[in-house]
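Each chain, written out:
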Amino acid sequence: MGSERTSPALGSKVGVHYGGRLVAAFVVEDRGVFAGHRIVRVHLGDLDDLEAPEFELPVDELEPVPAAA
Amino acid sequence: MPSQALKTWRSTSSDRLDELLAAHASVGGTSRGRRYATEQLNASFLIQIAAHFQLFCRDLHSEAAQILVAAAPPAYAPMLRVAFTNRRGLDRGNASVDVIAADFARFDFDIWTAARAASGSTATRQMRLDQLNTWRNAIAHQDFVFSAQQQALLSGTSVTLRWARAWRSSCNGLAQTFDRVVGDYLAAIARHRPW
Numbered sequence: 002m003g004s005e006r007t008s009p010a011l012g013s014k015v016g017v018h019y020g021g022r023l024v025a026a027f028v029v030e031d032r033g034v035f036a037g038h039r040i041v042r043v044h045l046g047d048l049d050d051l052e053a054p055e056f057e058l059p060v061d062e063l064e065p066v067p068a069a070a
Numbered sequence: 031m032p033s034q035a036l037k038t039w040r041s042t043s044s045d046r047l048d049e050l051l052a053a054h055a056s057v058g059g060t061s062r063g064r065r066y067a068t069e070q071l072n073a074s075f076l077i078q079i080a081a082h083f084q085l086f087c088r089d090l091h092s093e094a095a096q097i098l099v100a101a102a103p104p105a106y107a108p109m110l111r112v113a114f115t116n117r118r119g120l121d122r123g124n125a126s127v128d129v130i131a132a133d134f135a136r137f138d139f140d141i142w143t144a145a146r147a148a149s150g151s152t153a154t155r156q157m158r159l160d161q162l163n164t165w166r167n168a169i170a171h172q173d174f175v176f177s178a179q180q181q182a183l184l185s186g187t188s189v190t191l192r193w194a195r196a197w198r199s200s201c202n203g204l205a206q207t208f209d210r211v212v213g214d215y216l217a218a219i220a221r222h223r224p225w
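Same order as they appear, the protein sequences are chains A and B.
According to the working numbering, the first sequence is numbered sequentially starting from 2.
According to the working numbering, the second sequence is numbered sequentially starting from 31.
Careful, some of the hints might be misleading.
As the list claims (entries may be wrong) - Here are the simulated SDA-like cross-link-like pairs (lysine to any residue), alpha carbons at most 20 angstroms apart as the crow flies:
| no. | chain 1 | residue 1 | chain 2 | residue 2 |
| --- | --- | --- | --- | --- |
| 1 | A | 14 | B | 116 |
| 2 | A | 14 | A | 47 |
| 3 | B | 37 | A | 34 |
| 4 | B | 37 | A | 39 |
| 5 | A | 14 | A | 50 |
| 6 | B | 37 | A | 37 |
| 7 | A | 14 | A | 37 |
| 8 | B | 37 | A | 31 |
| 9 | B | 37 | A | 33 |
| 10 | B | 37 | B | 85 |
To be verified - Sample of chain B residues lacking proximity to chain A, with all beta carbon distances greater than 12 angstroms (derived):
| no. | residue |
| --- | --- |
| 11 | 38 |
| 12 | 69 |
| 13 | 111 |
| 14 | 151 |
| 15 | 187 |
As the list claims (entries may be wrong) - Listed below are several chain B residues computed to face chain A (Cβ distance under 10 angstroms; list not exhaustive):
| no. | residue |
| --- | --- |
| 16 | 33 |
| 17 | 34 |
| 18 | 88 |
| 19 | 89 |
| 20 | 94 |
| 21 | 97 |
| 22 | 107 |
| 23 | 108 |
| 24 | 113 |
| 25 | 114 |
| 26 | 115 |
| 27 | 116 |
| 28 | 117 |
| 29 | 118 |
| 30 | 121 |
| 31 | 224 |
Derived from the structure by calculation, the hints contain no laboratory data.
This one's a predicted model, so the numbers in the text were calculated from it and none came from an experiment.
Yeah, the Cβ is synthetic: ideal placement off N, Cα and C, and Gly gets one too.
Build out the structure end to end from the sequences listed, making use of the hints.
Right, dumping it as structure tokens:
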């Protein structure tokens with residue numbers, strides 16, 4: 002079953018799996034519900050860093066912010 | 031049933047564009063003031079068509095990415111999500127012919143070749159999309175100095191309601207064709223019709 006639960010507020014800090022570890026990211030866009038999943042766009046690292054990774058994933062794959070972040 | 035992306039294009043996006051048409055129709059009279067107002071509305075309409083078509087392409091890409099990731103073994107999901115959606119061209123630039131091609135190529139899919147095979151109107155619509163984006167950039171940057179190549183592309187066109195309707199119609203056709211060919215491609219990989 003997919004998850005259509007609401008997106009965290011834009012700008013929220015969350016944890017995402019990237020590069021083999023859990024890292025901190027910001028939710029920058031609620032993309033809507035596709036194929037039964039609510040999809041958000043996350044930005045890794047500093048929001049001012051225009052070259053930082055930015056990608057989409059379902060809200061049910063977001064994790065708590067890692068302790069080290 | 032179409033993709034969610036096509037549903038949004040045909041509902042929310044279409045409603046927004048129709049609102050601009052209604053505003054255009056409500057500007058009455060034949061004065062010079064009216065002419066200026068309608069020119070501004072024509073420019074706004076054109077920019078909005080380009081913006082909403084970009085949104086459609088982006089939504090279709092996100093939807094396809096979600097379906098492809100779901101069809102892969104779970105361990106592949108994190109790397110596929112990044113490979114498919116990290117810093118796409120459609121997230122930051124116009125839905126130009128090249129940007130659309132590059133973003134859908136992340137799925138190992140040649141969307142324009144598939145669209146041309148699916149509809150004999152695609153080549154003309156592709157040219158209309160090029161015209162739309164060229165005018166869109168000129169208006170957005172207020173730079174109407176065109177290269178020789180751009181002049182040839184735009185020859186005979188202008189920022190009028192008649193032309194804006196033609197570009198919208200082409201985007202409608204492309205949206206329908208993209209919905210179909212991306213759906214076919216996903217069905218072959220995921221082994222079920224995604225929409």
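Do the hints match the structure? See the list:
1. A:14 with B:116: holds (18 angstroms)
2. A:14 with A:47: Distance of about 11 angstroms is within 20 angstroms: holds.
3. B:37 with A:34: Holds, at about 12 angstroms.
4. B:37 with A:39: Roughly 16 angstroms between the alpha carbons, so the hint for residue 37 of chain B and residue 39 of chain A holds.
5. A:14 with A:50: Between residue 14 of chain A and residue 50 of chain A the Cα gap is close to 15 angstroms, so the pair holds against 20 angstroms.
6. B:37 with A:37: Measuring from Cα to Cα gives roughly 14 angstroms; hence the hint holds.
7. A:14 with A:37: Judged against 20 angstroms, a Cα distance of about 24 angstroms means the pair is violated.
8. B:37 with A:31: holds (18 angstroms)
9. B:37 with A:33: holds (13 angstroms)
10. B:37 with B:85: holds (12 angstroms)
11. 38: violated (8 angstroms)
12. 69: The claim stands: residue 69 of chain B keeps its Cβ more than 12 angstroms from every Cβ of chain A (closest is about 33 angstroms).
13. 111: violated (5 angstroms)
14. 151: holds (27 angstroms)
15. 187: holds (33 angstroms)
16. 33: Holds - the Cβ of residue 33 of chain B comes within 10 angstroms of chain A, reaching about 8 angstroms at its closest.
17. 34: Result: holds, 6 angstroms to nearest chain A Cβ.
18. 88: holds (8 angstroms)
19. 89: holds (7 angstroms)
20. 94: At about 9 angstroms, which falls below the 10 angstroms cut-off, the nearest Cβ of chain A leaves the hint on residue 94 of chain B intact, so it holds.
21. 97: holds (5 angstroms)
22. 107: holds (8 angstroms)
23. 108: With a minimum Cβ separation of about 5 angstroms from chain A (threshold 10 angstroms), the hint on residue 108 of chain B holds.
24. 113: Hint on residue 113 of chain B: holds, closest Cβ of chain A at ~9 angstroms, below 10 angstroms.
25. 114: OK, holds: residue 114 of chain B within 10 angstroms of chain A, min 8 angstroms.
26. 115: holds (4 angstroms)
27. 116: holds (4 angstroms)
28. 117: holds (6 angstroms)
29. 118: At 9 angstroms from the nearest chain A Cβ, residue 118 of chain B passes the 10 angstroms test, so the hint holds.
30. 121: Since the shortest Cβ distance to chain A is 7 angstroms, the answer is holds.
31. 224: holds (7 angstroms)
Hints 7, 11 and 13, counting from the list given before, are not met by this structure.
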